[in-house]
Structures are given as structure tokens and as C-alpha cells.
Amino acid sequence: DTEVTQTPKHLVMGMTNKKSLKCEQHMGHRAMYWYKQKAKKPPELMFVYSYEKLSINESVPSRFSPECPNSSLLNLHLHALQPEDSALYLCASSQDLSGRINEQYFGPGTRLTVT
Amino acid sequence: AQSVTQPDIHITVSEGASLELRCNYSYGATPYLFWYVQSPGQGLQLLLKYFSGDTLVQGIKGFEAEFKRSQSSFNLRKPSVHWSDAAEYFCAVGARNNNDMRFGAGTRLTVKP
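Residue numbers (the working numbering), protein chains in the order written: chain A, 1 to 115; chain B, 1001 to 1113.
Possibly wrong hints are sitting among the right ones.
Claimed, not checked - Dumping the calculated DSBU-like pairs for lysine-lysine here, alpha-carbon to alpha-carbon at most 35 Å:
1) B:1068 / A:36
2) A:36 / B:1061
3) B:1112 / B:1061
4) B:1112 / A:38
5) A:9 / B:1061
6) A:41 / B:1049
7) B:1049 / B:1061
8) A:53 / A:9
9) B:1049 / A:38
10) B:1049 / A:36
11) B:1049 / A:9
12) A:40 / B:1068
13) B:1049 / A:22
14) A:38 / A:18
15) A:38 / B:1061
16) A:40 / B:1049
17) B:1112 / A:9
18) B:1061 / A:40
19) A:40 / B:1112
20) B:1049 / A:53
21) A:38 / B:1068
22) A:19 / A:9
23) B:1068 / B:1112
24) A:38 / A:9
25) A:9 / A:41
26) A:18 / A:41
27) A:36 / B:1112
28) B:1112 / A:41
29) A:40 / A:18
30) A:22 / A:53
31) B:1061 / A:22
32) B:1068 / A:41
In case anyone wonders, no lab produced these hints; they're calculated from the structure.
Next comes chain A alone, as it looks inside the complex (with noise of 0.2 Å):
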């Protein structure tokens, strides 16, 4: 099984909602994901989970909160997000050789429009 599975795979929310979008894969990985993909745009990394550990945040807002309840499974919190998060939100695992890059495995996103 080389499936990474995100839900819901579109979201629309206000700006005062909170929500969450989940990331799951049973390929025995233990580093994870989120990055943020505007249209027309390469993927731009948000947090990097290693042994379900945050080891990779790269300054992201706090209205976006991380988190890694197991191995398997990948959270990504949102709360009082503005219209400009608008974006496909990706997933991705790889094994963690050591902390050495190994190829990603990435799911099919989740749109989130914000209004």
C-alpha cells in the first residue's frame, strides 16, 4: 500500500470557524508533511514530523497548529484563518532514514477556500 489518504478532500470555511484537515498512511513512514500549495505555485513546506516529533516548522502562522497523534496519522488544526490560506493543502510521508531526505509520497490535497 503506497496510498497517502487526506480528508475532506475540499473545505470551505469563515474566518471564525475552526477546522481540521487529516493525513493518514499505513506505508510504516515516520516523517510527515503539510505543505501549502497556492494555484499556479510550487508546494511550499509548513511542518515536517519526524518519529512524531515536529522537527521542521518553517514560521508558520499560529492559526495553523500542527499535529502527529501517531505514526500513522497527521493533523493539521485551523482556526481564524484569512481568505489568503485559500490553497491546496498536501500531504506527504516518507521513511526517515536517520533524518536523511528520502523520497515523499504525497496525497491528493485538500482544497480549503476560506471566506
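Place chain B on chain A using the hints.
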């Protein structure tokens, strides 16, 4: 920190023609290099990767790429393009000591009938 440049924003080729997408990287040591493809509204799919060894790497869907250290390049090639290859292509570079991977701006490929 590592970085990637994809000089071509958009390329159009005829179906059956050959393809080369350019990628130049910046990194102080031998990098880990990747090519991903993304169809509209979808996630990214890994086409191929280079970590070490043979500098010509074969990938899925008939793609190959060549690592040239002297030119800091990792260009993607395909001898005969199919209409289904139309997509966005991203080159990415990873550091060898952490999980940080950076993407190029992408090249959009259009395939003419």
C-alpha cells in the same frame, strides 16, 4: 539552504516529439534530486530520483533524467511524448542531513495533437 531553478515556465511539444525539461540546483554537497508530476487539482507523483551512483536514472512512464554535477543540472527527458503527459512538472532538491525538500517553480507541459 538548497534551491532549485526551473528556467522554463511553460513548454509546448507535439505528441510523439521528444521532451527535455531543465532543472538547475544549488546545494553545497551532492544533493538528493527528484522529479514529480502533478495533474490539475491532484497530488504529486514521483517520476524518478537520484541519490548516488549511475548519473542516468530511469523513472516511471518512460521518463529519464541525468545528473550533471559540473552543470548543477538534473534535466528530465522523454523520447516520445504522449498526450497524457500534459501536466505540471516539479524538480526538487533535498538536503542530505534533514527532511527538508525544496521545489522548483514548475514547468507546465502542453502536448499538441
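Item to check | Enumerated hints in conflict with the structure, sorted upward | outcome: none
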